[in-house]
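Those protein sequences? They're chains E and P, same order as listed.
Our numbering puts the first sequence at residues 14 to 415.
Our numbering puts the second sequence at residues 14 to 415.
A hint or two may mislead.
DSS-like mimics (lysine-lysine), calculated; alpha carbons at most 27 Å apart, straight line [unchecked claim]:
1. E/272 with E/181
2. P/24 with P/272
3. P/156 with P/257
4. P/243 with E/198
5. P/24 with E/198
6. E/170 with P/203
7. E/203 with P/21
8. E/21 with E/257
9. E/156 with E/203
10. E/272 with E/294
11. E/203 with P/24
12. P/24 with P/257
13. P/198 with P/156
14. P/412 with E/203
15. P/243 with E/243
16. P/198 with E/243
17. E/181 with E/243
18. E/197 with P/412
19. P/412 with E/198
20. P/198 with E/197
21. E/170 with E/243
22. E/228 with E/203
23. P/24 with E/197
24. P/412 with P/29
25. E/374 with E/412
26. P/412 with P/370
27. P/272 with P/294
28. E/243 with E/272
29. E/272 with P/412
30. P/21 with P/412
31. E/29 with E/257
32. E/257 with E/370
33. E/257 with E/156
34. E/170 with E/228
35. E/181 with E/145
36. E/24 with E/257
37. P/181 with P/257
Covered stretches of chain E (in silico footprint by chain P; criterion: 3 or more residues with CB under 8 Å from a CB of chain P, positions within the stretch not fixed) [claimed, not checked]:
38. 69 to 76
39. 94 to 101
40. 156 to 164
These are calculated hints, taken from the structure and not from any lab test.
Where a beta carbon is used, it is the ideal one built from N, C-alpha and C, also for glycine.
There are 2 protein chains.
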Amino acid sequence: MDLNLLSKHIKPESSKIVFLVMDGLGGLPRPQDGLTEVEAASTPHLDELAEESICGLQIPVGSGITPGSGPGHLGLFGYDPIRYQVGRGVLAANGIGFALQDDDIAARGNFCTIDDQGIITDRRAGRISTEKNQELCERLRSKVSHSGVELFFETVKEHRLLLVLRGKNLSSDLIDTDPQETGKKPFPAKATSSEATRTAEIVQMIADQIREILKDEHPANMVLFRGFSKKPCWPRMNECFGLKAAAIAGYPMYRGLSKIIGMDILETGASMEEEFSTLEKHWDEYDFFYLHVKKTDSYGEDGNFEEKMRIIEEVDRYLPRLRALNPDVIVVTGDHSTPSTLAFHSWHPVPVMIWSKICRKDSVSSFGERACISGGLGPRLPAVDLMPIALANAHRLDKFGA
Amino acid sequence: MDLNLLSKHIKPESSKIVFLVMDGLGGLPRPQDGLTEVEAASTPHLDELAEESICGLQIPVGSGITPGSGPGHLGLFGYDPIRYQVGRGVLAANGIGFALQDDDIAARGNFCTIDDQGIITDRRAGRISTEKNQELCERLRSKVSHSGVELFFETVKEHRLLLVLRGKNLSSDLIDTDPQETGKKPFPAKATSSEATRTAEIVQMIADQIREILKDEHPANMVLFRGFSKKPCWPRMNECFGLKAAAIAGYPMYRGLSKIIGMDILETGASMEEEFSTLEKHWDEYDFFYLHVKKTDSYGEDGNFEEKMRIIEEVDRYLPRLRALNPDVIVVTGDHSTPSTLAFHSWHPVPVMIWSKICRKDSVSSFGERACISGGLGPRLPAVDLMPIALANAHRLDKFGA
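Pulled out of the complex, with its shape left as it was, chain E reads as follows:
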């Protein structure tokens, strides 16, 4: 059901919903015993919750599709990730809290290393320090210019930066200058629509200036851009779901995404202790909480089965603090799978459980990939269906038709 139709059936309630999202939760069996990270983890509290929940596996974007973190999360929050696509540049801006104006063009940048021929030898300039990045952005800010366009160079983290162009008649219909591999030169700026011809010229002039300004730097002697994009104008969670929503996420990118769909971003550290404390502190102020655990994904991407498993066990130990708050609905899942054995995001369906007093629990008694196959949500629930089910469990959806 699309957001517009759904929004017509929202009724006011004071119930509270919590989405506990372990990034990259789903996994694959390890060779020695055929267990995945979730299955191998000792998770008495998650298993107890599964026993009282309706369980299943969800598909974040589509069959066989490996989601990036943006689309993976949008689906969880009820936004069809194929319809609602965010550019990388906008994600970067949101991640650092840069207030984009409606007509701004944002691009994600990478400081990189090029050789004498201009060929990229390191797309991340040896992951320079954030301090070095700040110093270089400061220099670019003071030296790069183009008449009629206001430019912003903002440090994100390590080699990552944000470029924003503010001016009249700019378009984001541009290809990336980042070829996404070494051994090539940066691509020249190029428009993909006639409206963007002038913007492409401006971006090329900026790139040329950057190369000149950084020519004596090492290793960060050039910048690559990708994901030219404008701020999306989407329905917000309070409009479509009637929810006063808050995001508890230590990492910029997840905060940025949550902001786009209208969540309040709560001040928090990135540790689990800090995140759960933030949840407790603001419990009375909101009726929807998204709590994001990043490290399941980070360790998955490192190929570290043991540590990913331990993070899941740590979440398990914090679960009683969440339950003690007495939420009406708890959804536990991930935004995609990141099997340690692949060390990368994957398309595999993600375990999910929805707990409420009226969820109609199934016979699943442990939380894991194989156990959830036989759950009441089925083995292939589209992620966008989670939000309406959560709302229903929270008594927040009215009858459809007479």
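For this one, chain E is given, so just place chain P on it according to the hints.
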């Protein structure tokens, strides 16, 4: 996800995918022991594969919809069979290996019987013999003509024939002249778009000539036409999936369909020995193989449970030869069900398994309708989802979004 969007996420790989399709695979329980053909068959190799695979049941077209062979196969290959419909005329042409040119108009014809008033008394002219059909087509070929249009009358089988019009500015926007019931006169040829006005006039003149030429024949004294259509111009498998694909199918209709979506048609006999030898012979040349086993369907349509079961057992004995080739992904399924107890195609979901080293196997340990219900693909997977899942398992799909 639609083919266009999917095609944007294809990445080049050298992995190999095999679709082993047993036509009409799904069945219904026989009375004596409640087992279906697949369940009753002794299939140690298929069961072993199931144990290492993710299993389920797939729906070729839609819930309750009994697929013809064309739509049943299109779904398997990732083409939504409701969106991608082939005209009956084109299917008839493909079925007999008639090489349609891009602008040809093809129609499926029936020799029929009409009475003195021109009213249809038998839509199939008593199912005349194929020899009689050939004699009549020969006569139509030599006597029917229209200036500026080349005409082809080709025997299909029994009362069935193919009409092809070749010329400039022809359109297939025509209603059927076949009213699909007796007691009515053939419908006059009629255009459904202004572009087809002239083509409708030509078809009507052809119909008038046929009536005159066959007036002393009995029972085949007229021809009815339906399914006016042009060769479809669909995305080809190399465009949308980046696959160099080959079809191994002994029967013309399956070769024709495979050709439409861009597969190379490998020279092969129709026996299983010949088909598997063809697979081995061409193994290094392609990265996608479709191997079609026809007789499961033929025996199903004959109501011959035992023989359909034996064909499945024969496939089982050939499976080790397929596995010895070391494919990256194996998909085993059918294009629809043909239960011997019904002796006809049916809507019942079709057992399916997808094997790869990273498929995330479930707990299903035998290949059959009931066992597959509890598989990780679920009991009602849309067939169009199989191709993206197979591509993902073959590492051929890139991440969606950042």
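Cross-check of the supplied hints:
Restraint check for residue 272 of chain E and residue 181 of chain E: the C-alpha separation of about 25 Å stays at or below 27 Å, so the hint holds. Restraint check for residue 24 of chain P and residue 272 of chain P: satisfied, since their Cα atoms lie roughly 23 Å apart, inside the 27 Å limit. A threshold of 27 Å between alpha carbons decides the hint, and for residue 156 of chain P with residue 257 of chain P the separation of about 44 Å lies outside it, so the pair is violated. About 46 Å separates the Cα atoms of residue 243 of chain P and residue 198 of chain E, which puts this hinted pair outside 27 Å; it is violated.
Between the alpha carbons of residue 24 of chain P and residue 198 of chain E the distance comes to roughly 21 Å, so the proposed pair stays at or under 27 Å and holds. Distance restraint check for residue 170 of chain E and residue 203 of chain P: the Cα-Cα separation of roughly 68 Å exceeds the 27 Å cut-off, and the hinted pair is therefore not satisfied. Only pairs whose Cα atoms come within 27 Å are accepted, and residue 203 of chain E paired with residue 21 of chain P is accepted, the gap being roughly 19 Å. At most 27 Å may separate the alpha-carbon atoms for a hinted pair to count; residue 21 of chain E and residue 257 of chain E meet this at roughly 17 Å.
At most 27 Å may separate the alpha-carbon atoms for a hinted pair to count; residue 156 of chain E and residue 203 of chain E meet this at roughly 23 Å. Straight-line distance between C-alpha atoms of residue 272 of chain E and residue 294 of chain E comes to about 20 Å, which keeps the hinted pair within the 27 Å bound. Between residue 203 of chain E and residue 24 of chain P, the direct Cα distance comes to roughly 23 Å. Compliance with the 27 Å bound is thereby established for this hinted pair. Note on residue 24 of chain P and residue 257 of chain P: the hinted pairing holds, with a Cα-Cα distance of about 13 Å set against a maximum of 27 Å.
At roughly 23 Å between alpha-carbon atoms, residue 198 of chain P and residue 156 of chain P fall within 27 Å of each other, so this suggested pair holds. Taking the CA atoms of residue 412 of chain P and residue 203 of chain E, the gap is about 23 Å. The hint holds against a cut of 27 Å. Proposed proximity of residue 243 of chain P and residue 243 of chain E is contradicted: the alpha carbons are some 43 Å apart, above 27 Å. Distance restraint check for residue 198 of chain P and residue 243 of chain E: the Cα-Cα separation of roughly 62 Å exceeds the 27 Å cut-off, and the hinted pair is therefore not satisfied.
Between the alpha carbons of residue 181 of chain E and residue 243 of chain E the distance comes to roughly 13 Å, so the proposed pair stays at or under 27 Å and holds. Proximity of residue 197 of chain E to residue 412 of chain P is assessed by CA-CA distance (about 22 Å); at most 27 Å being required, the pair is judged to hold. As the CA atoms of residue 412 of chain P and residue 198 of chain E are separated by approximately 23 Å, the hinted pair is consistent with the 27 Å bound. Distance restraint check for residue 198 of chain P and residue 197 of chain E: the Cα-Cα separation of roughly 70 Å exceeds the 27 Å cut-off, and the hinted pair is therefore not satisfied.
For the proposed pair residue 170 of chain E and residue 243 of chain E, the alpha carbon gap of about 21 Å is at most 27 Å, so the pair holds. A C-alpha spacing of about 23 Å is found between residue 228 of chain E and residue 203 of chain E, which places the hinted pair at or below 27 Å, so the restraint holds. Taken as a hint, the residue 24 of chain P and residue 197 of chain E pair is honoured in the structure, with Cα atoms around 18 Å apart against an allowance of 27 Å. The hinted pair formed by residue 412 of chain P and residue 29 of chain P meets the criterion: a straight-line CA distance of about 20 Å does not exceed 27 Å.
Of the supplied pair hints, the one linking residue 374 of chain E and residue 412 of chain E holds, its CA atoms being roughly 22 Å apart against a limit of 27 Å. Using a Cα cut-off of 27 Å, the hinted pair residue 412 of chain P and residue 370 of chain P holds, with the two alpha carbons roughly 19 Å apart. Between residue 272 of chain P and residue 294 of chain P the alpha-carbon distance is near 20 Å, which keeps this suggested pair within the 27 Å criterion. A C-alpha spacing of about 15 Å is found between residue 243 of chain E and residue 272 of chain E, which places the hinted pair at or below 27 Å, so the restraint holds.
For the hint linking residue 272 of chain E to residue 412 of chain P, the alpha-carbon distance of about 23 Å falls within 27 Å, and the restraint holds. Only pairs whose Cα atoms come within 27 Å are accepted, and residue 21 of chain P paired with residue 412 of chain P is accepted, the gap being roughly 10 Å. For the hint pairing residue 29 of chain E with residue 257 of chain E, the CA-to-CA distance comes to about 10 Å; that is within 27 Å, so the pair holds. A threshold of 27 Å between alpha carbons decides the hint, and for residue 257 of chain E with residue 370 of chain E the separation of about 22 Å falls inside it, so the pair holds.
For the hint linking residue 257 of chain E to residue 156 of chain E, the alpha-carbon distance of about 43 Å lies beyond 27 Å, and the restraint is violated. A threshold of 27 Å between alpha carbons decides the hint, and for residue 170 of chain E with residue 228 of chain E the separation of about 22 Å falls inside it, so the pair holds. Under the criterion of a C-alpha separation no larger than 27 Å, the hint pairing residue 181 of chain E with residue 145 of chain E is inconsistent with the structure, at around 32 Å. Between the alpha carbons of residue 24 of chain E and residue 257 of chain E the distance comes to roughly 13 Å, so the proposed pair stays at or under 27 Å and holds.
For the proposed pair residue 181 of chain P and residue 257 of chain P, the alpha carbon gap of about 33 Å is over 27 Å, so the pair is violated. Counting residues of the stretch 69 to 76 of chain E whose beta-carbon sits less than 8 Å from any beta-carbon of chain P gives 4, enough to reach three: the coverage restraint holds. With 5 residues carrying a beta carbon less than 8 Å from a beta carbon of chain P, the stretch 94 to 101 of chain E meets the three-residue requirement, and the given coverage holds. With 0 residues carrying a beta carbon less than 8 Å from a beta carbon of chain P, the stretch 156 to 164 of chain E misses the three-residue requirement, and the given coverage is violated.
Against the hints set out earlier in the document, violations occur for numbers 3, 4, 6, 15, 16, 20, 33, 35, 37 and 40.
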